[in-house]
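Residue numbers (our numbering), protein chains in the order written: chain D, 1 to 232; chain C, 1001 to 1761.
Worth flagging that the hints you see were computed from the coordinates, not collected in a lab.
Heads up, a few of these hints could be off.
Unchecked claim - Only part of the chain C face toward chain D is listed, based on derived beta-carbon distances under 7 Å:
| no. | residue |
| --- | --- |
| 1 | 1087 |
| 2 | 1094 |
| 3 | 1136 |
| 4 | 1207 |
| 5 | 1209 |
| 6 | 1666 |
As the list claims (entries may be wrong) - Facing chain C, according to a computed beta carbon distance under 10 Å, are these residues of chain D, among others:
| no. | residue |
| --- | --- |
| 7 | 19 |
| 8 | 144 |
| 9 | 159 |
| 10 | 162 |
| 11 | 168 |
| 12 | 172 |
| 13 | 174 |
| 14 | 193 |
| 15 | 222 |
| 16 | 224 |
| 17 | 225 |
To be verified - Distance condition first, Cα-Cα at most 27 Å in a straight line; then the derived BS3-like pairs of lysine-lysine:
| no. | chain 1 | residue 1 | chain 2 | residue 2 |
| --- | --- | --- | --- | --- |
| 18 | C | 1195 | C | 1411 |
| 19 | C | 1616 | C | 1692 |
| 20 | C | 1073 | C | 1692 |
| 21 | D | 178 | C | 1253 |
| 22 | C | 1298 | C | 1450 |
| 23 | C | 1672 | D | 178 |
Backbone N, C-alpha and C define an ideal beta-carbon position, used for all residues, glycine too.
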Amino acid sequence: MLPFAVPSIESVVKALGVILGILGILLCLRILRVRPPDLTSARLIRLGIVTVPSAAFFKLLAFAALILIPAAAVAVANYHVFEGVENVEGCASCHVMHPMVNDMHDAGSNTLAARHYRRRWIADRQCYQCHTDYGLSGTLNAKMEGYRHLARYVTRTYPEPIRLRGHYLNQNCLKCHKATAGFENVQSHHTVWDRLSTNQMTCLNCHGLAHPSPGDRTPGSREYARLMRAPE
Amino acid sequence: MAELERASQPEGHTRREVLQTLGVLGATGAAAFGTWGALEALVPAGTAEAWHRSVCRYCGTGCTIQVGLRGGKVTDVRGDPAGHNRGVICIKGATLVDLPVLPGRLTRPMIRRGDGFVEASWDEAMGLVGERFQQVIASDGPDAVAFYGSGQLFTEESYTANKLFKAGIRTNNVDGNPRLCMTSAAFGYVQTYGKDEPPGCYEDIDHADCFFLMGANPFDCHPPLFERIHQRRRSHPGTTVICVDPRRTGTAKRSDIHLPVIPGTDLLLLNAMAQVICEERLVDDAFLVEHVRFSDGKVTVRFEQFRRFLDDYAPEKVADLVGISAHDIRRVAFLFARSTATMSLWTMGVNQRAQGTFVNNMLNGLHLITSQICRPGATPLSLTGQCNACGGVRDTGALAHLLPHGRLVAKEEDRREMERLWGVPPGTISPRPGYDAISLFRAMEEGKVKAALVMCTNPAQSLPNIARYREAMKKCFLVVSEIVPDSETAKLAQVLLPAALWVEKQGVYGQTERRYQLVEKLLDPPGEARSDLQILVDLAIRLGHGDLIRARTAEAVWEEYRQLSGQSKYYNFAGITYGRLRTLPGLQWPCPTESSLGTARRYVAGDDALVSPGRKIDFYGQPDRRAVVYLRPYQPSPEAPTKEFPYILTTGRVLEQWHTGTMTGRIPELAKAAGRGHFEINEQDAYGLGIKTGDTVRVRSRFNAMTGTAVVTSGPRQGVLFAAFFDAAFLVNLTVSDAVDPISREPEFKVTAVAIEKASA
């Protein structure tokens, strides 16, 4: 046992991201003040135990500020965005997701999300498990969608209620349900297997709402206030 | 030089540097926004470009759907999350994409020439129709022509046909296939409450804790409703589902209590339950005193008489006849009465019976004596079979004995009122109720009906005892409006008219729970096909009734019909305009004003605007504002098993096929899933008869005989066999009894005594 709390990877990554960000900004500001003479002067600059010529120093600085730091930032961002968002808390950080999270946790709800959660069919990272598109292994479409969502959200140009553009891939359901006895025993699954497996027909047609309906998520609806509160 | 340049520039950032910085920032920003913009444009919209709300074409659940279009074609169909069905549809609804591209559509009018048909223009075909109708009317009177319509026509179409024939041609020979499925329920409701149509709604499913499913298999035939029952069970453990069905259907397997009754005997069951409820003091006396009247069908009787009448139906006396135990009857009666909220759902097993009206009466009666009514979750809900039997036929009065909105042909003041509302002279509407379905085809047989217009239905496959009526149809000048040229009925036509299908035309559908929804026209019909409304308007003009049928578009007809309803006190849906139907997922009538949100539960104050002030519950349809519980004596079916015909054939549907399969039979996956028509034979019976699955068997009734493949199963109870009627190569209705309920005139599809034998190889 360590005498201090071991920080989680998410916290380390967040801290690293912040440090990189600040460092990058500082470096860029310093670079802005570089003049041609700095690059040609023979002045030597001491960095601790190392001494480098001025020109080399500023080239190193430029390399760090324009290549290294951004690369590190992208790597950190990749981890943070692509893996961090796998957590339910990550999804819940956008308020338009509150209805989905609240409903999932609602023991009285019969949406697919709520039923899966209530029956503990998915151990953790529940949103991600059904919306695998958003992870590193999802499709390019989903990545582009993720960027678009972010752009819409931060500029507040999204309509409410938000609706899925494109369509939900049945593979997200099938990856768990296919080949189970329950699935195979339903004749209708075989009847329209071609359409289900190629996403021409959605599983949701017979299995109903995954999340609260757009109606309930419309501002002014009876359920809106309850659904939009911050999740516990 | 460089020194001079440098000396002339101020310290700090040069303008060039600032511009460069801004340039970089601008470029980055442009890249970010540009990417976003590109993504908005590029990310594919999924399976469709534009979505339109609509209604499923098939059953009486009446699911609200979203139809996706791309490039002028239907590319996807989904359940509408805003609809009553909350996004759930069944496999038939999910394959609606295939309807607009169904193969083998009829695209041109056809006129019979000998054994075949020749193509004709609309003018030629309708000219011939108009001419023949006029000839027949002139020589034999208006009652020699008839209209046989459908619970799948739009409301505007049934309304127009009804008006044309009853107020124009002046015959009440307007009937349709709802006579084959819903009239027992309609009469049952009218006798009990004074008004047709259920008091409750689907939302009651979310509140019930005891479901009494009788003569219904929602798992296969109203799947989204079964899913909703299932949802209720998930969120409310302790909910009980009771299923009364001679077969161990998908519904029965998923019920808590299955009562496999002998077909035709369930009035005994209901009377026995009532007997238990009365004897064990499970009656709600206060409710009876305030809201109920007892009747023997002729006069009012007292509760004591009702109790005495039921003595003959004590569980121990009837259990053997019903084929279940007295213990189960008592258990079910107790659950029905003492559950917090009991909801019954029933369909053809109750309606398609020689005592269908009586069974309907008693089901309603059980709810009334236990006050399991007029509360959320407590209600008797008759499930409708077709998408528009309620709104289109029952409500428009497009049946032989009815006029719009519950008025009766037989009542003079109702005829006068309709004449006034329709702007025709008093005396226009004939006082004689017309031919109901079976009587109509018998009238054809006797040469009394010489010309008939049949729309959107397939009686040559769906009537009982079809051999007789197919011969009858051949004698008649049959004008058939159909989507395909080779339905069994189309093959008997003299004139065949190509009809538009589903979203190729516009109109309103009214489903089980009094909800009216709009189907908008999204596509053009193929070839020269036209909507049934257009055909009716054309006929009206040719028969000289252009003045009467002034509303010529669906919207105009709806306007007229909506205003008409405002003239009816209890059928008022003047608040249901096309405008509202375009934006809302349907509205339940009564809906008297445009600010009204419709009525979920009738007869209940606060919900139903028609309830008199000061009353909490008001059965305003009855003169004394009391619902009626009837003393209904049981009579065995005319088709009770005999020595010669020791088994009972009962018919029904399967999940993947709709009715006679004219649509779903042409969708490959659905056809493959349902397979061919066959007889389901109980394994105990099969063993005794030496029959294995795959054997060809000969099934013989008083009416006819047919051969078909046997499938041995534990589904139907011993002594019962089952067959579905979707397969034109397996016309099970050849053997089915055409005995009818004397009140509703609905045939008894559910009980036919038959003999089975293995057909020689």
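Tell me if residue 1094/C is really an interface residue toward chain D, meaning its C-beta lies closer than 7 Å to one of theirs. holds (4 Å)
Does the nearest C-beta of chain C fall within a distance shorter than 10 Å of the C-beta of residue 224/D? violated (14 Å)
Below or equal to 27 Å on CA atoms is what counts here, so check residue 1195/C against residue 1411/C. holds (15 Å)
Is the shortest C-beta separation between residue 225/D and chain C less than 10 Å? violated (19 Å)
When the nearest CB of chain C is found for residue 19/D, is that gap smaller than 10 Å? At 22 Å from the nearest chain C Cβ, residue 19/D fails the 10 Å test, so the hint is violated.
When the least beta-carbon distance from residue 172/D to chain C is tested against 10 Å, hint result: violated (14 Å)
At a threshold of 7 Å, is the proposed contact between residue 1087/C and chain D supported by beta-carbon distances? holds (5 Å)
Holds or violated: residue 1209/C as interface residue toward chain D, Cβ cutoff 7 Å? violated (15 Å)
Just to be careful, I want the Cα atoms of residue 178/D and residue 1253/C compared with a cutoff of 27 Å; is the pair within it? holds (23 Å)
Given pair status - residue 178/D, residue 1672/C, alpha carbons within 27 Å: This hinted pair holds, its Cα atoms lying about 21 Å apart.
Close enough to count: is the Cβ of residue 174/D nearer than 10 Å to one in chain C? Violated - the Cβ of residue 174/D stays beyond 10 Å from chain C, reaching only about 16 Å at its closest.
Would the pair residue 1616/C and residue 1692/C pass a check requiring their Cα atoms to be no farther apart than 27 Å? violated (59 Å)
Checked against the numbered hints given earlier, the structure breaks hints 3, 4, 5, 6, 7, 9, 10, 12, 13, 15, 16, 17, 19, 20 and 22 and satisfies all the rest.
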